[in-house]
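**Q** In my numbering, the protein residues as written are 384 to 584.
Since the hints were made in silico from the structure, they are not lab data. Watch out, some of these pointers could steer you wrong.
What the hints assert, rightly or not - Result set (DMTMM-like, lysine to aspartate or glutamate): computed pairs, CA atoms no more than 25 Å apart in a straight line:
1. 471 <-> 445
2. 471 <-> 421
3. 471 <-> 404
4. 471 <-> 549
5. 413 <-> 400
Unchecked claim - Quick list of simulated restraints, FRET-style, between CB atoms:
6. 541 <-> 466: 42 to 50 Å
7. 502 <-> 577: 20 to 28 Å
8. 459 <-> 483: 20 to 28 Å
9. 386 <-> 514: 29 to 37 Å
10. 386 <-> 442: 25 to 33 Å
11. 542 <-> 390: 32 to 40 Å
12. 416 <-> 474: 38 to 46 Å
13. 483 <-> 404: 22 to 30 Å
14. 419 <-> 384: 48 to 56 Å
15. 555 <-> 432: 23 to 31 Å
16. 422 <-> 471: 28 to 36 Å
17. 466 <-> 384: 35 to 43 Å
Beta carbons are placed, not taken as given, at the ideal position from N, Cα and C, and that holds for glycine.
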Amino acid sequence: MVDFKIEVVVLPVSDVDAAKEFYERLGWRKDTDYSGADGLRLVAFTPPGSAASIMLGNDITEERPGTAQSVTLVTGDIAAARDELIGKGAEASEIFHDAGGVFHHAGSKDRVAGPHPERRSYSSWFSFTDPDGNLFFVQEVTSRHPGRTDRVVYDSVAAVEQALRDAAAAHGEHEKVLGHYDEQWPSWYAAYMAKAAGLDA
Numbered sequence: 384m385v386d387f388k389i390e391v392v393v394l395p396v397s398d399v400d401a402a403k404e405f406y407e408r409l410g411w412r413k414d415t416d417y418s419g420a421d422g423l424r425l426v427a428f429t430p431p432g433s434a435a436s437i438m439l440g441n442d443i444t445e446e447r448p449g450t451a452q453s454v455t456l457v458t459g460d461i462a463a464a465r466d467e468l469i470g471k472g473a474e475a476s477e478i479f480h481d482a483g484g485v486f487h488h489a490g491s492k493d494r495v496a497g498p499h500p501e502r503r504s505y506s507s508w509f510s511f512t513d514p515d516g517n518l519f520f521v522q523e524v525t526s527r528h529p530g531r532t533d534r535v536v537y538d539s540v541a542a543v544e545q546a547l548r549d550a551a552a553a554h555g556e557h558e559k560v561l562g563h564y565d566e567q568w569p570s571w572y573a574a575y576m577a578k579a580a581g582l583d584a
């Protein structure tokens, strides 16, 4: 199949510079700040760890400012993510989960305060808005459903180092069972690290 990867989500804003300042304050990477003919302005940001970007600008959408209402971000630590955004000036909701186990963006009747009691992956949320009221949801994802991940991404050098240390410790136990040096250790490491990161090998 041909790849279809989400690249850009356009957010309708009333003031490009005000929106730009907000996303810069969040620490999102600014990829583009382009000014063209007839007042055209394009500004793009990428959230940390994301493969997709958001785009702001003049005359790039006919939607009213603030009408994007379900842009979803994912994080491995819902509480730390909320604390970081609040520390950078975002107004975030309390963390919540859905009483029935399935969350629907459109409604809040089944929301329960606090993270999911078992911290089940995909089940804890909070929300925040940008200056225009464009609404983001942040979802905690700690393990992926089978087939959902097609690549392994580490968000820091420290995360890669820890993954290697974990693999080395597990491989040491593997060699004890084998009773000899494992010449195929690169393949073993690769499979172990991919599985730990949620890749359905």
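**Q** Assuming the hint says 23 to 31 Å, is it satisfied by the Cβ distance from residue 555 to residue 432 or not?
**A** Holds - the Cβ-Cβ distance for residue 555 and residue 432, about 30 Å, lies within 23 to 31 Å.
**Q** Can you tell me whether the CB distance of residue 416 to residue 474 sits inside 38 to 46 Å?
**A** violated (25 Å)
**Q** Range hint 28 to 36 Å: satisfied by the CB atoms of residue 422 and residue 471?
**A** Check passed, 30 Å falls within 28 to 36 Å.
**Q** Evaluate the given range 32 to 40 Å for the C-beta pair formed by residue 542 and residue 390.
**A** violated (24 Å)
**Q** Verify the proposed pairing of residue 471 with residue 445, using a straight-line Cα cut of 25 Å.
**A** violated (30 Å)
**Q** Can the restraint linking residue 413 and residue 400 be considered satisfied, given a maximum Cα separation of 25 Å?
**A** Given that 25 Å is the threshold and the Cα spacing comes to 13 Å, the pair holds.
**Q** Would the pair residue 471 and residue 404 pass a check requiring their Cα atoms to be no farther apart than 25 Å?
**A** holds (11 Å)
**Q** Range first: 35 to 43 Å. Now tell me if the beta carbons of residue 466 and residue 384 are that far apart.
**A** holds (40 Å)
**Q** Take a look at whether the Cβ-Cβ distance between residue 459 and residue 483 falls inside 20 to 28 Å.
**A** holds (24 Å)
**Q** Please check whether residue 386 and residue 442 have a Cβ separation lying inside 25 to 33 Å.
**A** Roughly 30 Å apart at Cβ, these two residues keep to the hinted range, so it holds.
**Q** Given the hint of 48 to 56 Å, is the C-beta distance from residue 419 to residue 384 inside that range or not?
**A** Violated, at about 35 Å.
**Q** Could you grab the alpha-carbon distance between residue 471 and residue 549 and see if it respects the 25 Å cut-off?
**A** violated (33 Å)
Of the hints listed earlier, those the structure fails to meet are numbers 1, 2, 4, 6, 11, 12, 13 and 14, in rising order.
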